[in-house]
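Could you put together the complete structure from these sequences and hints?
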Amino acid sequence: MPELPEVEHASRVLRDAAVGKAVRDVKVLHPSHRRRLRPRHVARLRSATVTRIERRGKHQIVHLSTGDALLVHFRMTGDWLVDDASAPIPKFARVVIELSDGVRVSLVDPRALSTVVLHGAGASPLPELGPEATDPSVTVETFGRALARRRVSIKHALLDQRVLAGVGNIYAAEALWMAQIDPRAAASSLSRARQARLLEAVRAVLARAQESTGRYRDGGPDGGPGRFEVYDREGVSCSRCGSRIRRIVQGGRSTYYCPKCQRR
DNA sequence: GGTCGCCTGGTA
DNA sequence: TACCAGGCGACC
525 MPELPEVEHA
535 SRVLRDAAVG
545 KAVRDVKVLH
555 PSHRRRLRPR
565 HVARLRSATV
575 TRIERRGKHQ
585 IVHLSTGDAL
595 LVHFRMTGDW
605 LVDDASAPIP
615 KFARVVIELS
625 DGVRVSLVDP
635 RALSTVVLHG
645 AGASPLPELG
655 PEATDPSVTV
665 ETFGRALARR
675 RVSIKHALLD
685 QRVLAGVGNI
695 YAAEALWMAQ
705 IDPRAAASSL
715 SRARQARLLE
725 AVRAVLARAQ
735 ESTGRYRDGG
745 PDGGPGRFEV
755 YDREGVSCSR
765 CGSRIRRIVQ
775 GGRSTYYCPK
785 CQRR
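Throughout the first sequence, residue numbering follows the numbering used here, covering 525 to 788 in sequence.
Honestly, the hints are just simulated from the structure, not real lab data. For every residue, glycine included, the Cβ atom is placed at its ideal position computed from N, Cα and C. Take every hint as true, because none was put in to throw you off.
Estimated spans, in silico, between C-beta atoms of each pair: (1) Ser589 x Ser610: 22 to 28 Å; (2) Arg764 x Asp607: 40 to 46 Å; (3) Val543 x Pro614: 20 to 26 Å.
As structure tokens, then:
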């Protein structure tokens, strides 16, 4: 699920479930998670109380009374599932946190690509990130400067978390469609006007996704309103000009766009 | 710069 | 059975 709107929603779920509670037990169920979250980390978690949940881009940071921070990234398919510790372990649960009041928070992740790491107090646990994609204080000037430095396509630049934190593959494609920009255009080639349009579009698609608590797809079986404009719509008519949506691969990832009304 | 590996499930 | 997947870091 996770792009910024989904992660924002998930972090709220986690906040409601966990803040102010002590960790009673932690189970690390998948080998790939066991590689990062060792028994000594689990031991440290067991004596901690959750003080605060923070989100930065698509990262979630669980601050603990011990000064440690648990860093969670959902990658492609992670999500939180909150239930009661007495219930059977949920399907695809990879890391399970039981809290003092019997509430259980499970990281469910079919592909098991998510990451959970415990960081000690001090050093910043996060990679270099740009401003939040939804931060209203981002200006066309700062956004444009970040783009001008990248010698990659504009689609690739939007996925670079150092430009704007939180933009993922779907909303990058949607924003480029809305701004009528060809995803293959060089990031550094955008005029000021197109930079402005793109920033506006990123905000619009994320805001719209936020409203519907996550995905802004699923308009219904007939793909009614609320569906993506281009993402996963290869061969479908563009709602703006009627041309067929095309799928290409950029950096190993799918990009969907309208070859007629999105220009270089 | 691009490509690959991580993992596993859903779908054509 | 094959392909595809909303991410990211390591690698050439």
